[in-house]
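Protein chains in written order, with the working numbering: chain A, 180 to 496; chain B, 270 to 727.
It cannot be assumed that every hint is accurate.
What the hints assert, rightly or not - Distance condition first, Cα-Cα at most 25 Å in a straight line; then the derived SDA-like pairs of lysine to any residue: (1) B:671 <-> A:345; (2) B:488 <-> A:423; (3) B:320 <-> B:724; (4) B:488 <-> A:415; (5) B:674 <-> A:269; (6) B:671 <-> A:259; (7) B:655 <-> A:450; (8) B:655 <-> A:259; (9) A:413 <-> A:295; (10) B:674 <-> A:484; (11) B:500 <-> A:295; (12) B:671 <-> A:267; (13) B:694 <-> A:346; (14) A:324 <-> B:681; (15) A:324 <-> B:655.
Unchecked claim - In silico contact screen, one side only, chain A against chain B (beta carbon under 10 Å); selected entries: (16) 333; (17) 335; (18) 403; (19) 438; (20) 443; (21) 469.
Unchecked claim - If you want the ones that stay clear, here's a sample from chain B, every Cβ over 10 Å from chain A, calculated: (22) 274; (23) 285; (24) 286; (25) 361; (26) 560; (27) 568; (28) 574; (29) 624; (30) 691; (31) 706.
The hints are simulated quantities; they were obtained by calculation from the structure and are not laboratory data. Even glycine gets a Cβ: it sits at the ideal position worked out from N, Cα and C.
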Amino acid sequence: MAKSAIKKSALRVSENGLEKKTSSKRLEVLKTYKIYIGGQFPRTESGRYYTPVNKAGEKLANVCLSSRKDFRDAVVAARGAFGGWSGRAAFNRGQILYRMAEMLEGRKEQFISELLRQDSTKAAAQKELNLAIDRLIYYAGWCDKFQQLFSAVNPVASSHFNFSVPEPMGVVAIVAPQGDGLLGLVSAIAPVIAGGNTCVVLASETKPLCSVTFAEVLNSSDLPGGVVNILTGKPAELISGMVNHMDVNATIYCENNSSVKASIREQSAVNLKRIYFYDHLNWQKDEGQSPYLIMDTQEIKTTWHPIENIAGAGGSY
Amino acid sequence: MFINGSWQKPLSKKYFDTINPATEEKLSEVAEASAADVDKAVKAARNAYDKTWRKMPARERAKYIFRISRMIQEKARELAIIETLDGGKPIRESRDFDVPTAGNHFFYYAGWADKLEYAFPNRQTTPLGVAGQIIPWNFPLLMAAWKIAPAIATGNTVVLKSAETTPLTALKLAEIIQEADLPPGVVNIITGAGATGAAIVNHPDINKIAFTGSTDVGKIIQRAIAGTNKKATLELGGKAANIIFEDAPIDQAVEGVINGIYFNQGHVCCAGSRLYVQESIAKEVIRKLKDRMESLIVGDPLDKNTDIGAINSRQQLETIHKYLQIGKKEGADMYESSCPLPRKGFFCRPTMFTNVAQSNRIAQEEIFGPVLSILTFRTDDEVIEKANNTPYGLSAGVWTDKGSKIFNMTRRMRAGVIWANTFNKFDPASPFGGYKESGFGREGGLHGLLPYLNLVNH
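In isolation and in its complexed conformation, chain A is listed as follows (with noise of 0.2 Å):
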C-alpha cells in the first residue's frame, strides 16, 4: 500500500509549482477507512480491524471489522432518520439522489483509483463508475414517480372513496453484493432509499474501499445522517445479528449462497421481515435497475372513506 501511496503522490503537481521540488519528500496523507453511521464517521466500538489484500497481494487497509453492536446501533440512526426521510417530499429526495450522483461524478478519480487497487481494470473501473453514476440519476427520477405506476384507486362497490399507494417498510438491512464494490452497493441502497426507507448496509468484505469513499459523497449530498449507514465487515459474523434484529423490516441479501439464503429465511421469521435475493441481477445490464426493485421495500396501504350519499339523487345536476 505504501509503495503505490508514495507514487502516485509524486505525480501531484500543485498550483503554483512551487511544491513540486518537495513533494517527493512528502509524505501522503493516508485516508482512515471508518464506517458510517447516523452521519457521523465513527471507528467500530470492537476495536476490531481487518486488512483485505488485493490479488497483488497488496494491503488495501486497515478496515473496520464492524461488530453485532455497530449495526444495533446503525440501527438505531436507521429508525430515528426514518419518519424525517420518509415524510420529505418524493421530489426533495428525488434532488437529493441527484446530488449524490453529482457528488460522485466530482470524485471519479478517486473511485477510480480505489477500483483499480480492488484488481479492477482501467476501463472496467471506468465503466463501473459511469453505471454507478447513472443508476443514481435513474433512481433520482423514480422517487416521485413510481407512486403513480403502482397506486390504485379502486372501484368499490359501496359508497366509498378507496385508494391504494405504497409506502416505504421502514429500515432495510442490506448485505451488499462481494463483486461490484461500488456499483452492486449504490445498486442496492438507491432503490431502497429513493423508495423513502433507511437502511443498513454491509459493504464487501473483499473490497470495503469504495464504500467508505461512498459515504462521504453521502455525507456531502444532503442526505440526513442516518438514512444509509455503511458498515464494514464480515457477513459470516453479522449476517444472523441482521436478520434477527427486531426493528429491522426487510433484508436484502445480495449472494448466490444457498446455506446463507436459507438461513436468512429461516431467522426473518423472528419478526417476518420481508426477504429479497438479489443473487440472480447483473447489476452491470438494464435488468439490474428497475421500479420493481423500488417496489419490493414497499408495502402497499390503502384507505377507505365514506362518501356521503344524497338520498334518492342521481347523478343528473
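The hints should help you fit chain B onto chain A, whose structure is shown.
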C-alpha cells in the same frame, strides 16, 4: 374430499366431526387428509397445471371463473345457511356479507385472467404453478374465495385446505366447482387439521403457500419453507387501533366501534380491538358504547335478528375467557352486556375493558373475540405513538370530521388497511394485507395479483 374433479375417500381412512357451535350438535363427519392424500391432491394439481390450465387461453379461464361466481350467487341461500350452521356466525352476516362477497371475489378476478399484461407495466407475467392454500375458520367461504379466485385467474392450480372446525362451505364450493365443469385438478379441496396443513407446507412440489391464520403459525410456515423456492403470502393476526377524536361524529363513531369489534363475534383479524378515545370525550363515548352494547342480541345464529352468534369453538371460547381473566387481573375494569346467553352452545357476551394500560396483555395480544380494550389519549402524536406500538400492522381506524387530520393520521399509521370514519369494510377491488408481523402480500384488487405471478422482463 374433492381431488382431481371427483369426490374421494381419504387414504388415511380417518374422519373427524364438525359440530354446530351454537348447539354443540354434530353436523357431519369429514375426511382427515393425510400426507398421502395431500400428495394425491398436489399430483392432480400439477397434472392439471401442466396439461390443461396453463395452456388454456386466458379468456377461457376467465369464463370458468365467471361461471363459478354465478353459481355461488345462485346457491347463496344454502351457502349462507351452511356457513352459519357450521361456523356460528349470524345468518344476517353470512347472507349479506360472506356469501355475496365471496361470489363477487370470483367475478372480480375472473375479469383479470385475460388482462394481466395491463397490470404490470413493462413486464410479462407467468403463473407460479401449484399453490397450497390454508384458510381459517372465521370466514370459511370468503377466505376460500380470496385464495382460489386470484390463484386460478392467474393460471395457477390449487390445493386448498379448509379449517378444521368449518369445512362445510368449502366442500359446497367444491360441488359448485364440479358443476361449473372446471377441468379436474385445477382446484382440489381437502379437509383436515394442523397436520394436513403441515403436509401442504412441506410438500416439495408446491410452488406457493398462501396462508391466513395466526402469526405464530405464520412464523412456523416461514421457517418451514426456508431453503426452498416456495413463495409465500401470509395474512396473519392483528390488534387494530381505532381512534376517536373529540371532533368526530360521536354516534357514527360509536356505531363504527361496535361494528369494528363485535362483527363476526370479534373473530376478525382486522377487528378494531384497541379503542383510543380522546380524553375530553371518553366519558360520553364509553356511556354510549355501553348503551349500544346493551341493545346487541346474542343468540341463535340462524335468527335474522341476532347480532352476535356463537363463538366458533369451545377452544376459542376458552381462549377468550382466559383473556377476560387476564384483563381483570391486570387491573382493568370489565364491563359486559347483561344479555342472557343460550344454555347450550359456545356464547360470549360482548365485553369491554376500560382503564386499560398500553402494556396490558389485553391491549397487546390478539384475543379474537368480542372483547374491546379502551384507552385514552390527549394529543395526535401521543396516539400515533401508541397506535403504532404493536408488532402487528393489519388495519387501523380513525374518526374525525377534519379532513387534514384524517390524512395526517392515515399516513402515519403503520397498517395495510386504514378505515377513516368507517370500519370493517371489504371489497374484491380493495387490497387487503398487513405490515410487520401481520404478514405480507396483498389479497384483493390489482395488488392481489402479484403474489401469484412471476414478472418476466421483456
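Hints, verified against the model:
Between residue 671 of chain B and residue 345 of chain A the CA atoms are separated by roughly 24 Å; this keeps the pair inside 25 Å, and the hint holds. Taken as a hint, the residue 488 of chain B and residue 423 of chain A pair is honoured in the structure, with Cα atoms around 13 Å apart against an allowance of 25 Å. For the hint linking residue 320 of chain B to residue 724 of chain B, the alpha-carbon distance of about 22 Å falls within 25 Å, and the restraint holds. Only pairs whose Cα atoms come within 25 Å are accepted, and residue 488 of chain B paired with residue 415 of chain A is accepted, the gap being roughly 24 Å.
Distance check on the hinted pair: residue 674 of chain B and residue 269 of chain A sit about 21 Å apart at the alpha-carbon level, within 25 Å; holds. At most 25 Å may separate the alpha-carbon atoms for a hinted pair to count; residue 671 of chain B and residue 259 of chain A exceed this at roughly 29 Å. The hinted pair formed by residue 655 of chain B and residue 450 of chain A meets the criterion: a straight-line CA distance of about 19 Å does not exceed 25 Å. In summary, the hint linking residue 655 of chain B to residue 259 of chain A is supported, as the alpha carbons are separated by about 17 Å, within the 25 Å threshold.
In summary, the hint linking residue 413 of chain A to residue 295 of chain A is supported, as the alpha carbons are separated by about 22 Å, within the 25 Å threshold. With a C-alpha separation of about 13 Å, the suggested pair residue 674 of chain B and residue 484 of chain A falls inside the 25 Å cut-off, and the hint holds. Distance hint between residue 500 of chain B and residue 295 of chain A is unfulfilled; the C-alpha atoms sit about 40 Å from each other, more than 25 Å. Between the alpha carbons of residue 671 of chain B and residue 267 of chain A the distance comes to roughly 23 Å, so the proposed pair stays at or under 25 Å and holds.
Proposed proximity of residue 694 of chain B and residue 346 of chain A is supported: the alpha carbons are some 21 Å apart, at most 25 Å. Proximity of residue 324 of chain A to residue 681 of chain B is assessed by CA-CA distance (about 21 Å); at most 25 Å being required, the pair is judged to hold. Restraint check for residue 324 of chain A and residue 655 of chain B: not satisfied, since their Cα atoms lie roughly 32 Å apart, outside the 25 Å limit. Interface hint status for residue 333 of chain A: upheld, as the beta-carbon distance to the closest one in chain B is roughly 4 Å, under 10 Å.
For residue 335 of chain A, the shortest C-beta to C-beta distance to chain B is roughly 4 Å, which falls under 10 Å, so the interface hint holds. Hint on residue 403 of chain A is violated. Least Cβ distance to chain B is approximately 18 Å, over the 10 Å limit. For residue 438 of chain A, the shortest C-beta to C-beta distance to chain B is roughly 8 Å, which falls under 10 Å, so the interface hint holds. The restraint placing residue 443 of chain A at the interface with chain B holds, with a minimum CB-CB distance near 8 Å, inside the 10 Å limit.
A hinted interface residue such as residue 469 of chain A counts as satisfied when its beta carbon comes closer than 10 Å to some beta carbon of chain B; here the least separation is about 8 Å, so the hint holds. Residue-level check passed: residue 274 of chain B sits 32 Å from the nearest beta carbon of chain A, beyond 10 Å. Annotated as non-interface, residue 285 of chain B keeps its C-beta farther than 10 Å from every C-beta of chain A; the closest such distance is 29 Å. In this structure residue 286 of chain B is separated from chain A by more than 10 Å, as the shortest Cβ-Cβ distance comes to about 33 Å.
Once the 10 Å rule is applied to beta carbons, residue 361 of chain B is consistent with being away from chain A; the minimum gap is 17 Å. Annotated as non-interface, residue 560 of chain B keeps its C-beta farther than 10 Å from every C-beta of chain A; the closest such distance is 23 Å. Separation of residue 568 of chain B from chain A is adequate, the least Cβ-Cβ distance of about 28 Å exceeding the 10 Å criterion. No Cβ of chain A approaches the Cβ of residue 574 of chain B within 10 Å, the least distance being about 23 Å, so the stated non-interface status holds.
Look at residue 624 of chain B: its CB is around 29 Å from the nearest CB on chain A, clear of 10 Å, so calling it non-interface holds up. Against the 10 Å criterion, residue 691 of chain B falls within the reach of chain A, whose nearest CB is about 5 Å from its own CB. Distance to chain A contradicts residue 706 of chain B as a non-interface residue, since its nearest Cβ pair spans about 5 Å, not more than 10 Å.
The structure does not agree with the numbered hints 6, 11, 15, 18, 30 and 31 stated previously, though it agrees with the rest.
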